[in-house]
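Novice: From just these sequences and the hints, can you work out the full model?
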Amino acid sequence: MQEAGRERTRREEYTETTRQALLAAGREIFASEGYQAAGIEAISRAARVTRGAFYHHFEDKKALFDAVVVAVQIEAAAKIEARAKTQRKVWDRLTEGIEAYLDVCLEPAYARIVIQEAPAVLGQTRYREIEEAHPMALLTATLNALKRQGELDFEDIELLSRMVDAMICEVALLLPGAENPKRLRARGQKIIGSLLGAFRTT
1 MQEAGRERTR
11 REEYTETTRQ
21 ALLAAGREIF
31 ASEGYQAAGI
41 EAISRAARVT
51 RGAFYHHFED
61 KKALFDAVVV
71 AVQIEAAAKI
81 EARAKTQRKV
91 WDRLTEGIEA
101 YLDVCLEPAY
111 ARIVIQEAPA
121 VLGQTRYREI
131 EEAHPMALLT
141 ATLNALKRQG
151 ELDFEDIELL
161 SRMVDAMICE
171 VALLLPGAEN
181 PKRLRARGQK
191 IIGSLLGAFR
201 TT
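Numbering of the sequence shown is given in full-length UniProt numbering, commencing with residue 1 and proceeding in unit increments.
Since the hints were made in silico from the structure, they are not lab data.
Positions of the beta carbon are idealized from the N, C-alpha and C atoms, including for glycine.
Treat the hints with care, as some may be off.
What the hints assert, rightly or not - Beta-carbon label-pair distances, calculated as ranges:
#1 I191 - T86: 18 to 26 angstroms
#2 R148 - S194: 18 to 26 angstroms
#3 R48 - A186: 26 to 34 angstroms
#4 E155 - E33: 41 to 49 angstroms
#5 L184 - E33: 25 to 33 angstroms
#6 I191 - R128: 20 to 28 angstroms
#7 R183 - L159: 25 to 33 angstroms
#8 E179 - G34: 50 to 58 angstroms
Stated by the list, open to error - In silico lysine-lysine, DSSO-like type, Cα no more than 27 angstroms apart, as pairs:
#9 K182 - K147
#10 K79 - K62
#11 K147 - K89
#12 K190 - K85
#13 K147 - K62
#14 K89 - K190
#15 K89 - K79
Specialist: What follows is the structure, given as structure tokens:
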């Protein structure tokens, strides 16, 4: 019985290792070549697994892409949360979190996979579902905390969170082609700050 249990554990470890290898390979290729150009054969080869192993874990390329987007968003949320926690006051955490969120949006892999391609590949419904479960969830939680403390006066926190999230992503999309990225970013942050400041009570 113990031997059978150990064998299952080894199989589970191998299965998870294979899945992680596919995620890593998919992330790299989706970021460098884009979703349309990425092929299952190339991803499997980069992960050093067979096509059969690929299909054991993922139904198709879209399913792998979905899993990659989730993994990237979980990582992004962790970065944002870590930065926000460096501040003591909730409002300062909000400001720092937005700054960190914008930094994440400017990372080439994130920008291509999440901002540029995920909405079209996954569809808006699934894209929003992932976004709302991770980075935007932190933003919404912080805005709700400010409202509970009486520092923010706005009835529909979900709407406000969606608006701020959209503005951050829009700034990130504009930056690569900007003549003066530093100035554009500063202006974008000023607009976001002005929107939030309009509802600040303290």
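Novice: Output the numbers, in ascending order, of every earlier hint that fails for this structure.
Specialist: 3, 8, 9, 13
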